[in-house]
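Engineer: Residues per chain are reported as follows:
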Amino acid sequence: MAAWLGWKIESNWTDPFLFTIYSIVKPLAAAMILVVMYGVITNNQFGSPVFAYLFIGNAFYQYVANVMVGVSWAIVDDREHYCTLKYLYVSPISIPYYLMGRGVARVLITTFSVFIIMVVGVAFLHIPFNPAQINWPLFVLSLVIGIIMLAMLGLLLAGVTLRMAQYSFNIGDSVAGALYLFSGAIFPLEVLPAFLRPLGYIMPISYWLELIRRSLVGGVAESFPTFAAISDVNLLLILAALSVLFGVVSVWAWKKFDWEARERGLLDQTNNY
Amino acid sequence: MENHYAIETQSLGRVYKIRNPGKKENKTLTALEGVDLQIKPGELFGLLGPNGAGKTTLIKILTTLLAPTHGYASVAGYDVSKSPDDVRQRINMVSGGESSGYGLLTVRENLWMFAQFYGIESKEANQRIKTLLEIVGIADRANSRSSNLSTGLRQKMNIVRGFLTDPEILFLDEPTLGLDVGASRDVRSFIRRWMDDDPKRTLLLTTHYMIEADELCDRVAIINKGKVLACGTPASLKQSLQKDAIFHIDLDSPKVLVESVFSILPGVTSVKIHDNENKTIMDLVLDEESALANVIATVTSQGAQIVTLQKREPTLEDVFVKLVGQRMEEVEHADAPAS
Chain A
936 MAAWLGWKIE SNWTDPFLFT IYSIVKPLAA AMILVVMYGV ITNNQFGSPV
986 FAYLFIGNAF YQYVANVMVG VSWAIVDDRE HYCTLKYLYV SPISIPYYLM
1036 GRGVARVLIT TFSVFIIMVV GVAFLHIPFN PAQINWPLFV LSLVIGIIML
1086 AMLGLLLAGV TLRMAQYSFN IGDSVAGALY LFSGAIFPLE VLPAFLRPLG
1136 YIMPISYWLE LIRRSLVGGV AESFPTFAAI SDVNLLLILA ALSVLFGVVS
1186 VWAWKKFDWE ARERGLLDQT NNY
Chain B
343 MENHYAIETQ SLGRVYKIRN PGKKENKTLT ALEGVDLQIK PGELFGLLGP
393 NGAGKTTLIK ILTTLLAPTH GYASVAGYDV SKSPDDVRQR INMVSGGESS
443 GYGLLTVREN LWMFAQFYGI ESKEANQRIK TLLEIVGIAD RANSRSSNLS
493 TGLRQKMNIV RGFLTDPEIL FLDEPTLGLD VGASRDVRSF IRRWMDDDPK
543 RTLLLTTHYM IEADELCDRV AIINKGKVLA CGTPASLKQS LQKDAIFHID
593 LDSPKVLVES VFSILPGVTS VKIHDNENKT IMDLVLDEES ALANVIATVT
643 SQGAQIVTLQ KREPTLEDVF VKLVGQRMEE VEHADAPAS
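Protein sequences, first through last, are from chains A and B. With the working numbering applied, the first sequence covers 936 to 1208. With the working numbering applied, the second sequence covers 343 to 681.
None of these hints come from the bench; they were simulated from the model. A quick note: this is a predicted structure, and the numbers were derived from the prediction, not measured. Heads up, a few of these hints could be off.
To be verified - 20 Å max Cα-Cα, derived PhoX-like pairs, lysine-lysine: (1) B:K569 to B:K664; (2) B:K585 to B:K653; (3) B:K597 to B:K621; (4) B:K424 to A:K1191; (5) B:K664 to B:K653; (6) B:K664 to A:K1190.
Next comes chain A alone, as it looks inside the complex (with noise of 0.2 Å):
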């Protein structure tokens, strides 16, 4: 149910043509800004490993911003916008699982986009991809356990979210953008400072995205030293601990930030921004 409801506030508010206008050329867009600067600062050297690695890691990244973001974005929407929050909690479901159900629309959408923004690098940017070559079953389950990991950090965010009644529109978006920096999306985590390089290490994102360009571009990743020594099954185990452990945090703080909410009259409160 709660899928159909975010199916409908996010296909709902323009007729099926348009939205399926908007579903192609916004990722379109926002992935060709990318990679005209790419192609400034490399004289556009497009057949580099680098650019496979930068194109897929920011392709892929759209499902942290959607996903995680878009499960935390229902409660600024509930509560702000359409005032149904209190509603949403008076009634006997589950609002974890609620959430939860409002980020499938957005997987869907994602998954569209990633398609389009894929089929555009093969087809005009020379992205090295061979459907013979590519791991289904690692890509399968790493894009699977990946899209879980997300959507219990979406969880962790919504309790935030929730928490934070004030500035609440802006969490998801901060976090979104100060991942993209810690998690390989874009250049590898050798890049950063040193002392920020832990946080990448820590994050489970970093190591889905690796698994992504692994499954699909083998050569391309390891042309790239990051996780060069960890073997794919080793990856793998590492991604699911990783989700795991994040996955109980999630849940941990929903409960303390949900009873934090309910003890300071969180719920419903509006700020009419």
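Here the structure of chain A is known, so what remains is to put chain B in place on it, guided by the hints.
Structural biologist: Same frame as chain A, but now just chain B:
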């Protein structure tokens, strides 16, 4: 868990901490203090009080949206602090004066979705939606996006949302706030009908409209500044003033009459004077009718003339004035921030 009340509170209190910039300690605001209520299954119970009296705070605590800072509250036999999930299985709530709802969904979709959240089978939900929309008079807008509805129609949609799930205990927070007179009357008659249809249903309603409390409620608690001042049937509350003599006097006065001049007269329990359309109106509660002579003499000595003098039956407004010392309207104006 063993509890024969639908709703029960014991010494219930809620204190808000408010940030005090530049100071070490936060300020505190007491929204509720020592509230003791027992509401039986099947009762339509009203909380009557001015804006800011603590009515919404109490509803928020009972609906598990807000944790109390003191005391205990149970709904359907479950502690609202310890068993919020059990409480939520059995309640629903509607707040008046707001435009909540998913604007991108139609009226029917909004209602259907909430029915699903409560586990109502889809066919049954659609049937109930159809019936309830007809009752509140918006069946023709069922397929309109709720963002296209006026505030009043949206409020009607929300009222349907509350009744749709047929809860064991329903909380209505100022359900007719912002509705026009006709719509308010429709809503009130629907509430009464809904209660009469099933004697097991319990409804807690907050209002600052005297007529709503008087017309609808089996029992009323008068609340002000977070405290319950009196509780009983509307008739018994009014009965408490029966020994008093209540007069409504229209005056033509060349100068402003001061209440304190009258309140010190022997036998005067309370006096309220206010101007209304070039008339001065005096509402008077006397210990006994004989005290009226002194009041009339004083009115005359102030240079005022009596246009009409009417003895009337006590109302809940009189009960409120006697308990608080001010009319509800005056309390609201006194508490409003200066503009």
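Engineer: Could you run down the list of hints and mark each one as holding or not?
Structural biologist: Do the hints match the structure? See the list:
no. : hint              : result
1   : B:K569 to B:K664  : holds (15 Å)
2   : B:K585 to B:K653  : holds (13 Å)
3   : B:K597 to B:K621  : holds (11 Å)
4   : B:K424 to A:K1191 : holds (14 Å)
5   : B:K664 to B:K653  : holds (17 Å)
6   : B:K664 to A:K1190 : violated (46 Å)
In terms of the numbered hints stated before, the structure departs from hint 6 and from no other.
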